[in-house]
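Can you make the complete structure from the sequences, with help from the hints?
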Amino acid sequence: MRIVFAATILLLVACSPPAATIEATATEDATPWTGLAANDDAENFHFVIVGDRTGGARPGVFEAAMPKVNLLEPAFVVSVGDLIEGYTENQAQLDREWDEFEQIVSQLEVPFFYVAGNHDMNNAVMAETWRARFGPSYYRFVYKDVLFLVLNSELFGMVSEPRAPVPGPWTQSEQLAFVEQTLHEFPDLRWTIVLIHQPLWDYREGVRGDWSKVEAMLGERDYTVFAGHFHRYVKHVRNHRKYFTLATTGGGSGLRGGIYGEFDHVAWVTMTAAGPRLANLMLDGIHDENLVTAASRTAVRTLADAVRPEPFMGTGSRFQRGVSTFQLANSGTATMRVAFNVDPGPDLLYRGRPETRALAPGASERIEIPLTADQPRPWHAIAPGRVVWSLSTVAADDRPVALETTSALLPVAPLPLPVGVAPVVDADLGDWSALPFRVDRQGDIAATATTPTDISYAFGVRESNGAVYFAAEVMDDSLVASTALGPRVQDAFLIVVDARPDPERSENVPLYPATRDGHLARMAVAYLTLAAAADDPELKFLAESRSAVEWKTARTETGYVAEAKVSGAFLDAQAGGRWDVLRIDIAAVDWDEGDLGNRIPWHTKGSAGIALHWQPDRFGSAPVPGSGTFLRMREDKL
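When we follow the numbering used here, the leftmost residue of the sequence shown carries the number 33, and every step to the right adds one.
Just so you know, these hints were derived from the structure itself, not from any lab.
Be aware that a few hints might be false.
Said to hold, decoys possible - Result set (DSBU-like, lysine-lysine): computed pairs, CA atoms no more than 30 Å apart in a straight line:
hint, residue 1, residue 2
1, Lys572, Lys597
2, Lys100, Lys274
3, Lys274, Lys245
4, Lys584, Lys572
5, Lys584, Lys597
6, Lys245, Lys267
7, Lys100, Lys267
Next up, the structure:
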């Protein structure tokens, strides 16, 4: 096979224009590229880099990018990894995913070079599958006096276990030896391009793994590094060289735009005598390499973290007046300008006007927003308002940075948790006298621009002998229930019960950190679906929750009913003793039949589902501290 491969390279040299052939060394029977006939014969050349396709892939984005890349006519296309969803040891599933991807890149009219990401290689089965299909997971090729060095970041340390390399046919010591040997063999090329999935130099805790060793080997040669993984674009300068982390080409993204580095793009790289020049090609135009710099990213983080809601805990059974408070803080090095406008919503009144502030570096200010109601309203029935904040500053590289963010405006109070006889968890609500909480409008201002019109629900909650019971009646005109789908991609009544002591219970942590750092694993979380949902590998951390929640659902003429019991022992364990306070999040997740084509079995891929929240989602972008808090009662109040 190696003799045949060498002959193929000679044939390419004979049939192609001089200096227009990629030179590559094959060390395995299979090869991690689709061809070596470059689509360029000028001294300078162009190539395209595609970003992450997976990690929450949105259907059609990467597929649609391939013919657009063909229109650019690059010499070849390279990647930065995360090409399939992966994270499985099921060989049939892996084969299906790789077959699908190879079919997609077959649209390209130029060679495509693979890079391994954590979704492509995170266990031994996946590593062996890669080897069988593509050969080496790290390799090199040379084109027009430019060395392309492709590295496997998962050998430096897996994303899921940073201190351990991915098991399989390669070792990190072998990869480092390969890097050293390659750089020794090619000491005088005009440039070196390094392609790697994880930006190992950009973790909060510092440089990961052996990346510093690679930088030491690169030494004083001219080089540029490209990575992916974080799904957010940013340019760094290290060792007087440029390091780029690309955004997505279809992978999971908030798509908040250029200032956040969140967009779908391909990087168009022109190799010149002075080094590579990069243009970010997106649907809304072309941006230069300074779209997001390390300095502007820091400024954006300063603005994004500038507004913090303070807890508002009322008393009594109804609200009539109170003050919601927000803390403004400028942790940056330049003056921050803040303007805010209050929309109190349908149930609250605000007499103030839009205001502006200027905060010096290091300064902070407390903003009080007095609220009233035209008549006393039950705390649990108040629709949230919002505060829209417009913030601006100047980054350390003198670039102006501005963004807009929204906070929920909702006074809350702890609610009494009724005590009663334990109902039978059988989806028959006859042993519930009433369902006092009714939700027919969106309680989370950040969830959707419009309130769903085809779903509403009522629910009740009760404590008995330490266990907590839920009952819900959901009105829905189009039900999706399937054993072939995961719990997040079909109709479900979602409950989240947090019994931990404060401050953990009342604070708000975004969904990804809450998952990664174990916050959610210490809560009772359950998707009450109509069918026994398929396993969702991203919900493995909720195994203890599944054993702590008993539930039953049933269809009705107008939708479905759900009933659940959360173990008192589980709640006591999370509280560190007898639990007395709970924080409860409630939502009904609605999918319609027409959405079926937008999902894969377990992932919210291209999510068209709507979560109708009772109150602002504590894991969303506009939470309210302490919302949904219930106090355990000492005697029966039913």
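Hint-by-hint comparison with the structure:
no.: 1; hint: Lys572 with Lys597; result: holds (21 Å)
no.: 2; hint: Lys100 with Lys274; result: holds (26 Å)
no.: 3; hint: Lys274 with Lys245; result: holds (17 Å)
no.: 4; hint: Lys584 with Lys572; result: holds (21 Å)
no.: 5; hint: Lys584 with Lys597; result: holds (9 Å)
no.: 6; hint: Lys245 with Lys267; result: holds (21 Å)
no.: 7; hint: Lys100 with Lys267; result: holds (24 Å)
Comparing the model with each earlier hint shows no violations; every hint is respected.
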